[in-house]
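Dock chain D against chain B, hints included.
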Amino acid sequence: MTTMRRFLASGWLSAYAFLYIVFLYLPVIFLPIFSVNTAATPKFPLSGFTLKWYEDLPRTPALLDATWNSLVVGVAASILSTVLGILAARSITRYRYPGRRAINGLIMAPLVLPEIIVAISLLLVILQLGLSLSLLTIVLGHVLICIPYSITVLTAGFEGFDRSLEEASADLGESAFGTFRRVTLPMVAPAIISSLLVCFTISLDEFIIAFFLTGTDATLPIYIWGQLRFASKLPGVLALGTLLLVASFLLLTIAEILRRRAARRTQNEGGLHA
Amino acid sequence: MTAAAEGSPAFGMTRARRNALLQSEPVQGFALISPTFLYALILLVLPILVVVAHSFWTQNYLTIDRTFTLENYRAALTEPIYRDLLWRSLYISLMVSFFTVVLAYPIAYFISFHGGRHKSLWLFLITIPFWTSYLLRVMSWKVILGYNGVLNSGLMGLGVIDEPSTALLYNSSAVIITLTHAWAAFAVLPIFVSLEKVDRTLVEAATDLGDGPIRSFLRVTLPLSAPGIISAALIVMIPTVGDYVTPKLVGGKDGVMIANAIQAQFGKASNWPLGAALSVTTMLIVTLMAGATVVIIRAAQRLAR
Numbered sequence: 001m002t003t004m005r006r007f008l009a010s011g012w013l014s015a016y017a018f019l020y021i022v023f024l025y026l027p028v029i030f031l032p033i034f035s036v037n038t039a040a041t042p043k044f045p046l047s048g049f050t051l052k053w054y055e056d057l058p059r060t061p062a063l064l065d066a067t068w069n070s071l072v073v074g075v076a077a078s079i080l081s082t083v084l085g086i087l088a089a090r091s092i093t094r095y096r097y098p099g100r101r102a103i104n105g106l107i108m109a110p111l112v113l114p115e116i117i118v119a120i121s122l123l124l125v126i127l128q129l130g131l132s133l134s135l136l137t138i139v140l141g142h143v144l145i146c147i148p149y150s151i152t153v154l155t156a157g158f159e160g161f162d163r164s165l166e167e168a169s170a171d172l173g174e175s176a177f178g179t180f181r182r183v184t185l186p187m188v189a190p191a192i193i194s195s196l197l198v199c200f201t202i203s204l205d206e207f208i209i210a211f212f213l214t215g216t217d218a219t220l221p222i223y224i225w226g227q228l229r230f231a232s233k234l235p236g237v238l239a240l241g242t243l244l245l246v247a248s249f250l251l252l253t254i255a256e257i258l259r260r261r262a263a264r265r266t267q268n269e270g271g272l273h274a
Numbered sequence: 001m002t003a004a005a006e007g008s009p010a011f012g013m014t015r016a017r018r019n020a021l022l023q024s025e026p027v028q029g030f031a032l033i034s035p036t037f038l039y040a041l042i043l044l045v046l047p048i049l050v051v052v053a054h055s056f057w058t059q060n061y062l063t064i065d066r067t068f069t070l071e072n073y074r075a076a077l078t079e080p081i082y083r084d085l086l087w088r089s090l091y092i093s094l095m096v097s098f099f100t101v102v103l104a105y106p107i108a109y110f111i112s113f114h115g116g117r118h119k120s121l122w123l124f125l126i127t128i129p130f131w132t133s134y135l136l137r138v139m140s141w142k143v144i145l146g147y148n149g150v151l152n153s154g155l156m157g158l159g160v161i162d163e164p165s166t167a168l169l170y171n172s173s174a175v176i177i178t179l180t181h182a183w184a185a186f187a188v189l190p191i192f193v194s195l196e197k198v199d200r201t202l203v204e205a206a207t208d209l210g211d212g213p214i215r216s217f218l219r220v221t222l223p224l225s226a227p228g229i230i231s232a233a234l235i236v237m238i239p240t241v242g243d244y245v246t247p248k249l250v251g252g253k254d255g256v257m258i259a260n261a262i263q264a265q266f267g268k269a270s271n272w273p274l275g276a277a278l279s280v281t282t283m284l285i286v287t288l289m290a291g292a293t294v295v296i297i298r299a300a301q302r303l304a305r
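Top to bottom, those sequences are chains B and D. Under this note's numbering, the first residue of the first sequence carries the number 1, and numbering increases by one thereafter. Under this note's numbering, the first residue of the second sequence carries the number 1, and numbering increases by one thereafter.
I should point out that these hints are in silico values taken from the structure, not numbers from a laboratory. A virtual CB, placed ideally from N, CA and C, is assigned to each residue, including glycine. Hints may be right or wrong, so weigh each one.
As the list claims (entries may be wrong) - Reference listing, derived: stretches of chain B covered by chain D, where coverage requires no fewer than 3 residues with Cβ under 8 Å from a Cβ of chain D:
#, region
1, 13-19
2, 47-60
3, 219-229
To be verified - Here are some chain D residues the structure puts well away from chain B; computed CB gaps all over 12 Å:
#, residue
4, I64
5, S140
6, I296
Next up, chain B with everything else stripped away, as it sits in the complex:
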């Protein structure tokens, strides 16, 4: 009786889970569908298959510039935030000191602040200091919002880490730097790469901060925002969006696989040691 009822409950839940996934994915699925449709307005029934919207993309100089800018900003922001994230995550997982939680809370604060607040406060300071807006100012803003994600990914990677391995290395005569390079780094490398990928993806998609802090240079989301005003440009935007979707998906799948491998590795090594 109870098993029967539990089975029924899990059946309802499975059905709900399926519907939920459909709700999550359905809107996203329309992007690729309408990006290969011949009609300029996205509506059913579909009018025919075409790749012309994709073929037009490389012939748009503004788009190529925006892509290049996004890559530059994304690479700079992901490296900077991962370096700052490594320092913070290491400090949080390895040391105990007064004020640790407060400092951590402050660093993680951008996660729970409306992005527009972060954007306009940075904008005010930059304008007050008389600095000019450029890709650099976007990077500064992106690093701020990427650090919390980087710390989250890295803390998970550092926590399973067995400290006695480092102590053993030091006892066997390695210098502090040698220990870091030959013991610590190989263990945490997957978490670091995963953090780089996650930060790059966030920066690549981020709109509000880039929108406020950009000078004349557009990143991809700013370019898309500009295109959205013109109904006739929509299929091109959908094609671009599909490509971005595929890129984000690939990057995150790699990040996830690396994260899992890192988790498994630190667990195994720890187990071996014990």
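Structure of chain D alone, referenced to chain B:
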């Protein structure tokens, strides 16, 4: 040589003490986190203080008048446009956090209690759409809800309606639907984490003692997962109050939110102090609302037990 030998014990002592201090856990830990901490201080705390300062100043065309005034706050709280926008933003973010949490709870429960070996695969599946461009996810709702959109053309194709409905897009419901979809993954994760912590033996004990599945869920599992519900609600509520893209793209005239007004003050209207006051007011109200949410959910948790 002798002088050095004489001086060395005392010198050696202080150096040893200094080294001990430098190598002590707190100092090393603090030194390690200080670059990140300084970054957050300079690029987050300082700028927010500058915004707070601006909110008490006024602007004459291009110059900022630095005499203290509460005029901006008076405008932000009493002028009908801003008051309405603030209320609407709060209403929308409350609705969005309610719907995301209610929709997310069963799925988090399903993954935690019935996920089996595939828990992390399920979580990955749920987070993927969240990683696709936010702008494009909002855009796709515009495609779905629009006059010539998927829903209208689909319903007409099925013969349910004769002409496209204009009621779907450009109102606050469209904003609520879009934001609920956009923040779904953020609500599932914290609830899932708190459900994972629920001691399964307690649920079994409740069942053994004669509670049916619904009763044991309401009295054991649900109250124990309250921390997850709280963080899910907050993590959705706080950022959605300040959302700019969604109201701009699918909100139309009736779906404008406070962030659009803030943006206007820093853009076309060019009244930084008023924009700053609107931002500070938004932050304060969000904090109050978040606090109220925590109190209410905690009270409900105590009642359920």
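Of the hints given before, which are not true for this structure? The structure breaks hints 2, 4 and 5; every other hint is satisfied.
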